[in-house]
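For reference, the chains in residue letters:
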Amino acid sequence: GNSVTQMEGPVTLSEEAFLTINCTYTATGYPSLFWYVQYPGEGLQLLLKATKADDKGSNKGFEATYRKETTSFHLEKGSVQVSDSAVYFCALSSYGGSQGNLIFGKGTKLSVKP
Amino acid sequence: EAQVTQNPRYLITVTGKKLTVTCSQNMNHEYMSWYRQDPGLGLRQIYYSMNVEVTDKGDVPEGYKVSRKEKRNFPLILESPSPNQTSLYFCASSEDPGVSYEQYFGPGTRLTVT
Chain D
13 GNSVTQMEGP VTLSEEAFLT INCTYTATGY PSLFWYVQYP GEGLQLLLKA TKADDKGSNK
73 GFEATYRKET TSFHLEKGSV QVSDSAVYFC ALSSYGGSQG NLIFGKGTKL SVKP
Chain H
129 EAQVTQNPRY LITVTGKKLT VTCSQNMNHE YMSWYRQDPG LGLRQIYYSM NVEVTDKGDV
189 PEGYKVSRKE KRNFPLILES PSPNQTSLYF CASSEDPGVS YEQYFGPGTR LTVT
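Chains D and H, in that order, are what the protein sequence lines are. Using my numbering, read the first sequence as starting at 13 and increasing by one per residue. Using my numbering, read the second sequence as starting at 129 and increasing by one per residue.
It is worth saying that the hints were derived from the structure and are not from the lab. Quick caveat, the model's predicted, so the values are computed rather than measured. Worth double-checking, as some hints may not be accurate.
To be verified - Short, incomplete list of chain D residues facing chain H, as computed with Cβ under 8 Å: (1) GLY21; (2) LEU25; (3) ALA29; (4) TYR51; (5) GLY55; (6) LEU56; (7) ARG79; (8) GLU81; (9) SER97; (10) PHE101; (11) LEU114.
Unchecked claim - Here are some of the chain D residues that sit facing chain H, going by a computed Cβ distance under 10 Å: (12) MET19; (13) PRO22; (14) PHE30; (15) ASN34; (16) THR38; (17) THR40; (18) PHE46; (19) GLN57; (20) LYS89; (21) GLY90; (22) SER105; (23) LYS118.
What the hints assert, rightly or not - Taking lysine-lysine and the DSS-like style, the derived pairs with C-alpha atoms no more than 30 Å apart in a straight line are: (24) LYS64/D / LYS185/H; (25) LYS197/H / LYS146/H; (26) LYS118/D / LYS193/H; (27) LYS125/D / LYS64/D; (28) LYS125/D / LYS68/D; (29) LYS199/H / LYS145/H; (30) LYS118/D / LYS185/H; (31) LYS80/D / LYS125/D; (32) LYS125/D / LYS89/D.
Cβ atoms here follow ideal geometry from the backbone N, Cα and C, with glycine treated the same way.
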């Protein structure tokens, strides 16, 4: 079945450090890929998405490229800020099974220290 | 403001006492869904609804019921809650259950069953 694997956390970085959170997936067909962010005490918000191979999603300085050959969608940011502290979820959506169901990774907690 | 609202935000109850968690969206979305979030497991879909009067099971439906009598509302019902239903619950909606559409999440309901 479809699944998402993302790197275990927590991840602690200093402000302005480079961030990478790895995400790989298993899916049949051609899934869409997402990164959602959950700030403390809040629901999930879409951070970025990519709907086909080689697409790059970007938002708020974060980027991720849909790599079909390596089944990956790693999240990167060149210079993190304290306000980026949150839990990040990689997810995929594909036809088959529950329609519209997002399959989530387990989440990676990021803490950024000043 | 476009949003998904949930009530209550926090609930402590006892085993076997029926409860309902409400979910409402003001975006005229056809698709709505319930997820539960548990440590180390990420988010898992409980039930979803493609439109009014159309509901279906997600990955973990046991012990839950839903209804969709109006487009904007999608309550989650626990007829006889048990301690293993202690979790953080999220309602989500989307304009289309298709693969690439963003899902909008509510702020979450933290449920404790003793």
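Right, here's what the structure says about each hint:
1. Hint status for GLY21/D: violated, given a least beta-carbon distance of 11 Å to chain H, over 8 Å.
2. The criterion of a C-beta within 8 Å of any C-beta in chain H is not met by LEU25/D, whose closest approach is roughly 22 Å, and the hint is violated.
3. Annotation: ALA29/D was flagged as interfacial toward chain H, and the flag is violated, the nearest CB pair being 25 Å apart, outside 8 Å.
4. With 8 Å as the threshold, the beta carbon of TYR51/D stays out of range of chain H, its nearest partner Cβ sitting at about 11 Å, so the hint is violated.
5. Because the closest C-beta pair between GLY55/D and chain H is about 4 Å apart, less than 8 Å, the hint holds.
6. Restraint check, LEU56/D versus chain H: the minimum CB separation of about 4 Å is within 8 Å; hint holds.
7. With 8 Å as the threshold, the beta carbon of ARG79/D stays out of range of chain H, its nearest partner Cβ sitting at about 17 Å, so the hint is violated.
8. A hinted interface residue such as GLU81/D counts as satisfied when its beta carbon comes closer than 8 Å to some beta carbon of chain H; here the least separation is about 20 Å, so the hint is violated.
9. Taking 8 Å as the C-beta contact cut-off toward chain H, the hint placing SER97/D at the interface is violated, the least distance being around 18 Å.
10. This hint holds: PHE101/D has a C-beta 7 Å from the nearest C-beta of chain H, less than the 8 Å allowed.
11. A least Cβ separation of about 6 Å between LEU114/D and chain H falls short of the 8 Å threshold, and the interface hint therefore holds.
12. Interface restraint check: MET19/D against chain H, minimum CB-CB distance 13 Å, threshold 10 Å, status violated.
13. Taken as an interface hint, PRO22/D does not check out: its beta carbon lies about 12 Å from the nearest beta carbon of chain H, beyond 10 Å.
14. Restraint check, PHE30/D versus chain H: the minimum CB separation of about 25 Å is more than 10 Å; hint violated.
15. A distance limit of 10 Å between C-beta atoms decides the matter here; for ASN34/D the minimum to chain H is near 15 Å, and the interface restraint is violated.
16. Hint status for THR38/D relative to chain H: violated, with the closest Cβ pair at about 15 Å, above 10 Å.
17. Checking THR40/D against chain H: minimum C-beta separation of about 12 Å lies over 10 Å; hint violated.
18. Using the Cβ-Cβ criterion of 10 Å, the hint placing PHE46/D at the interface with chain H is satisfied: the shortest such distance is roughly 8 Å.
19. Nearest Cβ of chain H to the Cβ of GLN57/D: about 7 Å, under the 10 Å cut. The hint holds.
20. Checking LYS89/D against chain H: minimum C-beta separation of about 20 Å lies over 10 Å; hint violated.
21. The criterion of a C-beta within 10 Å of any C-beta in chain H is not met by GLY90/D, whose closest approach is roughly 25 Å, and the hint is violated.
22. Taking 10 Å as the C-beta cut-off, the interface hint given for SER105/D holds, the closest approach to chain H being about 5 Å.
23. Checking LYS118/D against chain H: minimum C-beta separation of about 4 Å stays under 10 Å; hint holds.
24. For the hint linking LYS64/D to LYS185/H, the alpha-carbon distance of about 28 Å falls within 30 Å, and the restraint holds.
25. Proximity of LYS197/H to LYS146/H is assessed by CA-CA distance (about 20 Å); at most 30 Å being required, the pair is judged to hold.
26. At roughly 25 Å between alpha-carbon atoms, LYS118/D and LYS193/H fall within 30 Å of each other, so this suggested pair holds.
27. At roughly 35 Å between alpha-carbon atoms, LYS125/D and LYS64/D are farther apart than 30 Å, so this suggested pair is violated.
28. Annotation: proposed proximity of LYS125/D to LYS68/D holds, straight-line Cα distance about 28 Å (limit 30 Å).
29. Pair hint LYS199/H plus LYS145/H holds up; C-alpha atoms about 27 Å apart against a cutoff of 30 Å.
30. Among the hinted pairs, LYS118/D with LYS185/H is consistent with the structure: their alpha-carbon atoms are about 21 Å apart, no more than 30 Å.
31. For the suggested pair LYS80/D and LYS125/D, the alpha carbons sit about 34 Å apart, so the restraint of at most 30 Å is broken.
32. For the given pair, LYS125/D sits about 15 Å from LYS89/D by alpha-carbon distance, which is consistent with the 30 Å threshold.
Figure legend: structure checked against the earlier numbered hints; hints not met, in rising order: 1, 2, 3, 4, 7, 8, 9, 12, 13, 14, 15, 16, 17, 20, 21, 27, 31.
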